[in-house]
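*Asks:* In case you want the letters, here they are:
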Amino acid sequence: MSADGRDLLDLSLVELAASLAAKRVSAREVTDAALAHIERTDARVGAFLEVTAGKARAQATAADERAARGRRLGPVDGVPIALKDLFLTRGVETTCGSRILEGFVPPFDATAVERLEAAGAVLLGKLNMDEFAMGSSTENSAFKPCHNPWDLARTPGGSSGGSAAAVSARQAFGSLGTDTGGSIREPAAFCGVVGMKPTYGRVSRYGVIAFASSLDQVGPLGRSVGDAAVLLQTIAGRDERDMTSSPRPVDDYLASLEGGARGLRIGVPREWLEAGVEAGVERRVREALAAYERMGARLVDVSLPHTRYGIAAYYLIAPAEASSNLARYDGVRYGLRTQGGAGLGDMYGETRRQGFGPEAKRRIMLGTYALSAGYYDAYYLRAQKVRTLLRRDFDRAFETCDVVAGPVTPTVAFRLGEKVDDPLQMYLADVFTVTCNLAALPGLSLPCGLHPVEQLPVGLQLVGRPFDEATLFRTARALERELGPLPRPPGVS
Amino acid sequence: MSLSLDEVRRIAVLARLKLSPEEEQLFRGQLSAILDYVEQLKELDVSGVEPMTHALAAGDLPPLRDDVVRPSLSPEEALANAPAREGTCFKVPRIIE
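Heads up: the protein sequence lines correspond to chains H and W, in order. Be aware that the first sequence starts at 1, since it is given in the numbering used here, and climbs by one per residue. Be aware that the second sequence starts at 1, since it is given in the numbering used here, and climbs by one per residue.
Simulated from the structure, these hints should not be mistaken for laboratory data. Be careful, since some hints might not be right.
Which chain W residues face chain H? A few, computed with CB under 7 Å, are given here [said to hold, decoys possible]:
id : residue
1  : R16
2  : R28
3  : Q30
4  : V46
5  : P75
6  : E76
7  : V92
8  : I95
Per label pair, the in silico range of CB-to-CB distance [unchecked claim]:
id : chain 1 : residue 1 : chain 2 : residue 2 : range
9  : W       : V68       : H       : S372      : 51 to 61 Å
10 : H       : S256      : W       : E50       : 28 to 38 Å
11 : H       : R396      : W       : S47       : 28 to 38 Å
12 : H       : D421      : W       : V13       : 24 to 34 Å
13 : W       : E50       : H       : A373      : 22 to 32 Å
14 : W       : A78       : H       : E293      : 52 to 62 Å
Backbone N, C-alpha and C define an ideal beta-carbon position, used for all residues, glycine too.
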């Protein structure tokens, strides 16, 4: 219990930071509480692939020593967080949810991890995910399924399913994920937490295992908008080890956080609320839009006419890039090696047969086909041109609005097993999220209430101009303040 | 668009994946369905549209850093995860018979 009688684990990251700064609680105390809670709940949730209890306790003790000397480093100092298992962590196994990397212990840290640790964060462990971040339900994890804390029979979404479930289940005060076609925003929506996919280039991807390099971006998940803002502030900014990390200065996200919605122009794309959005989801999204109007924002009708081509373009570009990125898993330098037949070629083929799961293989096959001789122009090149059209849609919309708003997903969290046998149906769950990646824009998912019938979280998606994460945080915070927090998820209370 | 089994096998060779007969059948059906779905991109007139070959606008691209030698992984660190090694080399099966 904290001093005001609330369970320590119910505090937001920002509230915990204040308690740590005021010495009402120690980092060791809150870390022990989080570890005990993980121990108690994770057999049911399955959010963690590895819990780094020893490392966490040592980091927490170091944070308390800094605090005792009056040398607290900032808002994440002493705060227990966790990482999707595709961030390289020096000395801590990193699998990317795949058998092919089982046992891989990286010799260096990802830049995002280095920055969190330099700011004093406590690492609780590595989080479950779809293999190589390919999936929308975390059911493609090679190790175990992950369950939604709101209903353990449902998926937490994916591919950053563990990152969303751990935050939702109050196992961690925040987490990092990656988003290639919705992999932060969709699980955030399904689990009732805040997830931010920053602009392509805002966060370094050095040390982050690559899926589709022209789309992948690192971002935070948190219990509140402020929590996500603090985490992004900690990891954002130029890193000379990543050629795609932008030299643009990072805005002060907290400075404008409480700016409210008055005067904002919120673009509502008619294509996002057309047929295909389930009625209860649509209702909560429309109520959120109405709330913005009440708060003094202006709703603007906009059009993103190429939205419906997003999935098709995405499922050419992402697999094509994945087939190239995953060529490195060949049994030579790290990971699994299986000797089949006699020569080198047999070793490659057998290692990859045994090491990759069905979805990774499917995407490698699709991408290899799309890039193969005679098909490049018809598939990859055409998809890249459609990408230009999608970006132009958004550029035109942003001439009349500051933020685009709509649903994150067409439905609430679906049931485990519901879509595993039909990959195309699984892909269609990404219809509203992929366009943001294809256009390289920032996108945020925040809870906008519970589904009127199913009592599961519904997510509102906000998409902004390039590098305008600050406006997304401010816009999201206004609604969060208006709606108040969701109750605790019933699956793990 | 329906892929033949031969095409599936040819792609698997290019991708250095050994597939079981069941996987060949499964992927034949699933990949054909996905390729049917992406056919809709052909509805769009993309003549005169430049492909988006980089996700960052030119102004957001960082400058190239100076090409200078700096510390990097030691051979021991680089080899620590190797399935097989010999001395300071990665060891692979015989390539030339």
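*Asks:* Of the hints stated earlier, which fail here?
*Replies:* 2, 5, 6, 9 and 11
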